[in-house]
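> Residues per chain are reported as follows:
2 protein chains.
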Amino acid sequence: MRILLVGGTGTIGKKIYWRLQEKHELISAGTKSGDYQFDMTDVGSIKELFKQVGKLDALVVAAGGGPMGPLEQLTEEQFYEGIRNKMMGQINLALIGQKHIQSGGSITLTSGILSEDPIAMGTILSTVNGAVNGFVVGAAGELFRQGIRINVVSPGIVEDSIEAIGTYFPGHHPVAMDKVVNAYVKSIEGVRTGEIIRVF
Amino acid sequence: MRILLVGGTGTIGKKIYWRLQEKHELISAGTKSGDYQFDMTDVGSIKELFKQVGKLDALVVAAGGGPMGPLEQLTEEQFYEGIRNKMMGQINLALIGQKHIQSGGSITLTSGILSEDPIAMGTILSTVNGAVNGFVVGAAGELFRQGIRINVVSPGIVEDSIEAIGTYFPGHHPVAMDKVVNAYVKSIEGVRTGEIIRVF
Chain G
107 MRILLVGGTG TIGKKIYWRL QEKHELISAG TKSGDYQFDM TDVGSIKELF
157 KQVGKLDALV VAAGGGPMGP LEQLTEEQFY EGIRNKMMGQ INLALIGQKH
207 IQSGGSITLT SGILSEDPIA MGTILSTVNG AVNGFVVGAA GELFRQGIRI
257 NVVSPGIVED SIEAIGTYFP GHHPVAMDKV VNAYVKSIEG VRTGEIIRVF
Chain Z
107 MRILLVGGTG TIGKKIYWRL QEKHELISAG TKSGDYQFDM TDVGSIKELF
157 KQVGKLDALV VAAGGGPMGP LEQLTEEQFY EGIRNKMMGQ INLALIGQKH
207 IQSGGSITLT SGILSEDPIA MGTILSTVNG AVNGFVVGAA GELFRQGIRI
257 NVVSPGIVED SIEAIGTYFP GHHPVAMDKV VNAYVKSIEG VRTGEIIRVF
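Which chain is which? The protein sequence lines are G and Z, in order.
Under this note's numbering, think of the first position of the first sequence as 107, with each following residue one higher.
Under this note's numbering, think of the first position of the second sequence as 107, with each following residue one higher.
All clues stand as given, with none of them false.
Copies of one chain are not kept apart here, so a pair can be met inside one copy or by any two copies together.
Straight-line distance between alpha carbons at most 25 Å, and here's what the computed DMTMM-like set of lysine to aspartate or glutamate pairs gives: (1) LYS161 with ASP148; (2) LYS153 with GLU131; (3) LYS292 with ASP223; (4) LYS153 with GLU178; (5) LYS157 with GLU182; (6) LYS205 with GLU178; (7) LYS153 with GLU187; (8) LYS205 with GLU182; (9) LYS292 with ASP163; (10) LYS121 with ASP284; (11) LYS120 with ASP284; (12) LYS121 with ASP141; (13) LYS161 with GLU178; (14) LYS138 with GLU182; (15) LYS138 with GLU269.
If you're looking for bench data, these hints aren't it; they were derived computationally from the structure.
Could you build the full structure based on these sequences and the hints that come with them?
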């Protein structure tokens, strides 16, 4: 398959990259790295990316973040940072991407455990993860008519993030990288659609 | 209790209003009706509302919508309509409201079935409902420290909406209005927090 991977150099993305390149034609895109550079918060930049990349069998997004902070101090502007980035960045990639993915293809987005199993200071990520999950559940039926599947991988804190941010996730059980990568492979090469693939 | 109800003239809101006014001091606010008029898409207007209303025991929001349309045609701007309204409208009411709610009090927001059981043309609502659910799950732990509970009622299509919009919800079983109103009462007068109270 011809697959576009957005965020192929992140903690999870680089593991996806190494797995997928074994058997697929993999194109990577990111803010500063990858085969193509673009800005996922800018619809014009996303359109330009797909124009350059051409027809695809799968789109995988393992990119996007949002700010953390104590609930009492969170501002509307901080929410919109997360909205523009992890939420609408991914949604816009899917909305625009649907026109460039062949029938039989798939879209795989990334949310995360915090919409269901929260941590202190994580409310913005809980919110945008919930939004991405809702989008995928909502979009699947209409994408099905176009012959396109869509799923979202919702990982817990992964092994490779424990050293950097594990202290914010007390008692959260680290998820093996291979298990997370398998969820993306299942979404791309499997048959399900409209699924929140929980890996935690 | 002294309760602020936002959206007390909507399909669900007016039924909440009639139940709550039996035993509570109820203040209503809305875009065009209620004791106070304000704009839930404007943080300045929300701040002014809470300044005028004063200290509260509970905030209930049964307001907010978003556009519907075929997935292939949805634009970023349509998503932002739903984000500013049902998503960030409610989230901003909660963020600002937390400073005006007494310890022991509660916040109750409204999402809806579409984040879990979708319909055609409903992807924006699936997305913003998922976001509101995620926000409530994420915020509960930190609001608990302030002595404030938070829940979200996620209703299915209600009996009173069947005539107007039932055709968009094929096979969805209409929910009795009393059952939906009970969910709000449980959130306000009960003990749970961080719950998605599903009524479908």
